[in-house]
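Undergrad: Chain by chain, the residues:
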Amino acid sequence: MTIFRDISETRELVDSFTRPAQSLFPVARLREDAAGENARWANMVEMGWLAIGLPEGSGGVGLTLLEEALAAQTFGRHLLSSNYPATVLAADASLRSGWQDLAASLLDGSRRAALARRSADEGTIVVFDAEPGDVLVVITSSGVDMFDAAAIAAHDSVHWASEVSLAKRAKPLLSVASPDLAAKAQLIVAGMLAGIASECRDRAVEYAKVREQFGQPIGAFQAVKHHCANMAITAHAARELVSFAALSLVEQAPESEHLAMAALNLALRAARDNAGLNIQIHGGMGFSDECDAHLFLKAARILNAAVGGIDSTRQSLMASVQ
Amino acid sequence: MPSDDLAQFRAEARSWLHANTPAHSAPLDGPDSRTFVLDWQRCMYEGGWAGLTWPSEYGGRSLSVAQQIVWFEEYARCGAPSTHNASFVGINHAGPTIIACGSVEQKAFHLPKILSGEVIWCQGFSEPGAGSDLASLRTKGRIEGDEIVIDGQKIWSSYADIGDYQELLIRTDPESTRHKGLTWLICPMDLPGITVRPIKTMAGPAKFCEVFYDQVRVPIRESVVGGIGEGWKTAMATLSFERGTASLALQISLVGKVEQLAADCIDPFVAPRLADLRADAAALKAMSYSFALSSEHGTPGAEGSLIRLYFAELAKRASDLAVDLYGIGSPELAGEHGWAFEFLDAYSETIAGGTAEIQRNIIGERVLGLPRGKA
Amino acid sequence: MDFEQNENQTAILGGLEQLIAGLQVEAPKEGVLVAFSTRLDAELEASGFLDIAREAEFTLLDSALVVERLARLPVSAEVAFSALVGPLFPTDTVQRPFALVTANPLSPARFLTVARTLLVDKGDELLVIDVDPSQVEEVESLFAYPYGKLASLEGMAVRRMGADLATGVRRRWRLALAVEGSGLMQSAIDTVIEHVTNRYQFNRPLGSFQAIQHRLATAAGTQQSARWLALRAAWSDSEADCALAASYLQDSIPTIVYDLHQFCGAMGLTLEFPLHFWTYRLKAMLGDLGGSSAQARAAAIATWQDAA
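Chains as they are written, first to last, in this note's numbering: chain G, 1 to 322; chain E, 1001 to 1375; chain Z, 2001 to 2308.
It is worth saying that the hints were derived from the structure and are not from the lab.
One thing to keep in mind: the hints can contain errors.
Here are the simulated DSS-like cross-link-like pairs (lysine-lysine), alpha carbons at most 30 Å apart as the crow flies [said to hold, decoys possible]:
#, chain 1, residue 1, chain 2, residue 2
1, G, K209, E, K1374
2, E, K1200, E, K1140
3, E, K1200, Z, K2122
4, E, K1107, E, K1180
5, E, K1233, E, K1374
6, E, K1233, E, K1107
Simulated restraints, written as ranges between beta carbons of each label pair [what the hints assert, rightly or not]:
#, chain 1, residue 1, chain 2, residue 2, range
7, E, G1256, Z, E2055, 53 to 59 Å
8, G, P179, Z, G2162, 51 to 57 Å
9, E, G1030, Z, T2010, 48 to 54 Å
10, E, A1007, Z, E2030, 51 to 57 Å
11, E, A1011, Z, A2103, 46 to 52 Å
12, Z, P2205, E, A1011, 54 to 60 Å
13, Z, T2218, E, G1256, 29 to 35 Å
14, Z, E2138, E, G1048, 43 to 49 Å
15, E, P1027, G, V210, 54 to 60 Å
16, Z, E2017, E, I1143, 55 to 61 Å
17, G, P179, Z, E2030, 54 to 60 Å
18, Z, T2218, G, T124, 40 to 46 Å
19, Z, F2003, G, T124, 48 to 54 Å
In this text, a Cβ means the ideal position worked out from N, Cα and C, and glycines have one as well.
Whenever a hint applies, use it, and build me the whole structure from the sequences.
TA: As C-alpha cells, then:
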C-alpha cells in the first residue's frame, strides 16, 4: 500500500459506520438535556465506537488509526465529550500493559476515563468532564499516563474543568511510552477538533443562507461571504491534514510522527478560529445561550487545555526539526 | 500502482534529475530566460520527461497521479527549475486548451513544438480595464473575410517579450457584452502591429508585459480555437480536466523551503510562528495530494480554489518569516533567487490568476452555495 | 489627554509644510526601489527642524510630529534617528545622519551609506562610531531605504558609552520606529483609498466591495492605534510606552502591508505605482531590535517587573 492513494471510500465507510451519531448525539441534546449525557454513554459501547482501532481479539472492531481518526471527526461534530478520547486511549494503554480487566471495563462501559493535566509541581491535577470513578488519562509527549483519582466532585455543567488534589509526586497507575500511542492521542483529539471546525463552518454557512437583513441573505454580503470562505479553507486544511497524517502513520511513512503533531497544532487553531467566526456570523443569536454556537467554542477550549495548549505543540514542532 | 513499481519509478526520476538538473539558476526575465527555459524543456523532452500531465496521444506520458506526485517530489528535491516559468502557459494552459478544443491541424502544428521546447507561449487575457472582471474586456477583433483584424491592448502578459505565441481572448462581436461574443485565438507574437512593453515589478524582474495591437491580422482557420464567439467556453475548457498537478512542483517546493527555515531557526521569538508554518505546510501537502488523487478518475471538485489560495497565503507567510529570521543584508536574502526576492514576488501570488478576494467569492458561492449579492 | 495641536505644534508643522511645498517633493517617476532624497535631507538639516527636541520651548512630542509628517512623504531622509535619538547626545558631540545596529557593528544598517555616526546597541553599553565613508560598502536591498555596512572598524574613532545611554538609545529607537511607521501607514492607506475609489471593476468602484471596505476600515483603525501609541510614547518618553508602541507597529505590519497591496491588484505590484515607497520601508522596520515579540517583552518587563 502507499500513502498516495485516494481515501474517499474509507471516508464513506466510516461515515456510514458513525452516522447513528446524528440521532444518538444531536448537538441540541447538550442544551435540552445535558443531564442525560451520562446515560448516553452506553451508545458508545453498543456502537463499538470506543474500540474502532483495537484488534478483534481484544474486543475491538479491527480497523486502523485511519478509520479512528476519521470517526473522531464525526464525533467532534457532535460534540462528544473529552471522555471519548480519554476512554479510547485508556483502553488501548491498558491492553498494551496487559491490564485486561481494566480494558474490558472501559470497553463495556462499566468504567469511564477522563482527560487530565498535571500541574508543574505535580501536586494537583486538572480534570476535564470527569465524574467520580473515572480513571484519569494524561496525554504526555511520549504516550499516556493513567491515574486513579480520589475525590472528584460531580458537576452539572455541560463541560467543565476542575482541580483535584494528588498526593505529591504520586505515581501513575499505568504509564505507556510509545510513539504510536502518542500519535494516536494527537490524532484522535485533532480529528475531533477538525470535526468542530467543519461543523462550525457548516452551521455558519447555513445561517448565512437563511438569515436576511437589508433585503437579502447575509451570506450575499462580501464580508460575511469571505468569513465563510475562510472557515471553509481552515476546516478543509484541518480535515485533510488529520487524514493524511493518519494514513501516513498506518503506512509507516517517514515523518508521520511530525505529521501527527502538525495535525494537532493546525486543528487546535482551526477549531478555535472557526468556533469564533461561527459565533460572529450568528450575530446576537450567536452570543446567546439558546444558540449552540458557544458549545463548539467551549469544547475546543477544553480539548486545547487537555493537550497542554497550542504552545506545547509549537514546542514539539520546533524540537522535532531534523 | 504497486508500491514497488512506484519505488522503481522514483529511482529513475531521481537519477535522471540528478544527472540533468541545470547547475546554475534560472534567469528571471528577458532573452536569457527564454534560452534557459527552452533548453530545459528540450532536455526533459529528450529524456522522456516532457508532458507528464498530457495524454499520451499528444506526446505526453499520461502518468498516474501517484507517479506525478513522485516525479514532482523528486523534482523539488533536486531543486530543478521552477515550473512557473516561461514554459508554464504552453504546458499547462495553452497546450491543454488546444488539446481540448483545437482543430486537428492546430494540434499537429502546435503541441509538438510546446513539448519539445521550441516555443514559448504567453497569455493575453487581462486588460487595464479588465482585471478581476475579465468579461469586461474590450480588445476587439473585426472579421474581414478569412482574417480577423485585432485592435486593443492587453496587460500583465507574462513573458510576452520573449514569447512566440499568445493565447489571446478578444471580443469579436461588437454588439456583445460580458462573456458572450468572445473568441480565443492563437496569435503569433512576431506579427506586424504588435508592440510589447515589459513592466518592472516590485520584485525586480520585468516579466509582466503590456501588449498593444494595432490592426494585427490573423488567419481565422489557423488561429481561432473552439469557434468564433465561443471564447469564454474555450478559456474555461481546461478547468474540467485540471487535476491540480500543474502546481504540485511549486507546492512541494514550498513545503521543502519551510522545512529549511525550521532547520535554520535559532531565534526563540520566531520559533512559534515557524512551528505553525510547519503545520500549515504539512496541510498544504495533504490537501494537494488528496485533491489530485481524488480527481484522478472524475471531475475535480471545487476545492482547487481553496488550495490555490492557501498556497498563495502560505507562500507570503513563509517568505515574510524568512526575512525576519535571516535579517536584512543576510546572504540568504540577497540575490535573484534569495528570500527577499521571494518575499516580494509572493505578493503576486494572491493577485495573479484570480485575486484572493475573487477566490473567496468563488469559494463562498460555488463551494459553499452562498447567494450572490444584489448589485 | 489633549488631542488638539497646541500653538507651538501648529507653528512648527505649518513651517514644515512650507518647506516641503517649496521643495516640491514627489515620488520618483521611474521605477526605482530606493527613494532617498539627498536634497530633502540636506534642507531638513539646515532648517533646524530635526533639532527642535534640543530646544527648551519644544518637546519630544513636537519633534515626533515632525518625524511623522515627514514619514508620509514618498521619499526618505534620515529624519527619525536625527530628531528622536540624536537629542540624547549633548550638542556637537555626535554628527548626524545616524545609522543604528544591534550588537554587531559590521551588520547592514539603514542609512549607513550617508551616515556620519553609527550607534551600536550592545545591551549594557553603546558604541558610538564616527563613520569613515570610504569604509562603507553599499548593500543591495529591496526595502526602499539605502543600506550599507562597514567592512571593518579600522581607523575609525569608537567611543564606548555606558548602559544608561544604551538604554536611552534603544528606547528612542523604538520611538522612532513607532512614529515613522505610523506616518508610513497613513500615506500607504491614503494611496490605497484613492485607488479603490477610482478603480472600477464589475461596473463599480473597488472600494464599494464589502471585503475591501471592512479590511480597509481595520487598517485605518490599526494606523490610528499605531499613531496614538507613538504620540503617547513621545509624550511620556517612558520605557514601557516606547516598547509598546514599537511592538504594536511591528506586529501590525505584515497584515496591513498584505491587505494594502492586495487592494491595489496587479498595479500595486509594479514599481511605477507608489505604494511600495511606504510599504517597503515598513517591511524594513519589521526585524529591528528583535521584532515585535522582543518589544512586547520589554514593555512587559518595564510595566510589571516591579510588581512581579
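Undergrad: Would you mind marking each hint as holding or not holding in the structure?
TA: Verification of the hints:
1. G/K209 with E/K1374: holds (14 Å)
2. E/K1200 with E/K1140: holds (27 Å)
3. E/K1200 with Z/K2122: Violated: E/K1200 and Z/K2122 sit about 40 Å apart, past 30 Å.
4. E/K1107 with E/K1180: Holds. E/K1107 to E/K1180 sits at ~25 Å (cutoff 30 Å).
5. E/K1233 with E/K1374: Within the cut-off at roughly 25 Å; holds.
6. E/K1233 with E/K1107: Holds. E/K1233 to E/K1107 sits at ~18 Å (cutoff 30 Å).
7. E/G1256 with Z/E2055: 53 to 59 Å: holds (57 Å)
8. G/P179 with Z/G2162: 51 to 57 Å: holds (53 Å)
9. E/G1030 with Z/T2010: 48 to 54 Å: Since E/G1030 and Z/T2010 have Cβ atoms about 53 Å apart, the given range 48 to 54 Å holds.
10. E/A1007 with Z/E2030: 51 to 57 Å: About 55 Å separates the Cβ atoms of E/A1007 and Z/E2030, which means 51 to 57 Å holds.
11. E/A1011 with Z/A2103: 46 to 52 Å: holds (48 Å)
12. Z/P2205 with E/A1011: 54 to 60 Å: holds (57 Å)
13. Z/T2218 with E/G1256: 29 to 35 Å: Since the Cβ atoms of Z/T2218 and E/G1256 sit about 34 Å apart, the hinted range of 29 to 35 Å holds.
14. Z/E2138 with E/G1048: 43 to 49 Å: holds (48 Å)
15. E/P1027 with G/V210: 54 to 60 Å: holds (55 Å)
16. Z/E2017 with E/I1143: 55 to 61 Å: Hint holds: Cβ distance 59 Å, inside 55 to 61 Å.
17. G/P179 with Z/E2030: 54 to 60 Å: holds (59 Å)
18. Z/T2218 with G/T124: 40 to 46 Å: Check passed, 42 Å falls within 40 to 46 Å.
19. Z/F2003 with G/T124: 48 to 54 Å: Holds - the Cβ-Cβ distance for Z/F2003 and G/T124, about 49 Å, lies within 48 to 54 Å.
The structure does not agree with numbered hint 3 stated previously, though it agrees with all others.
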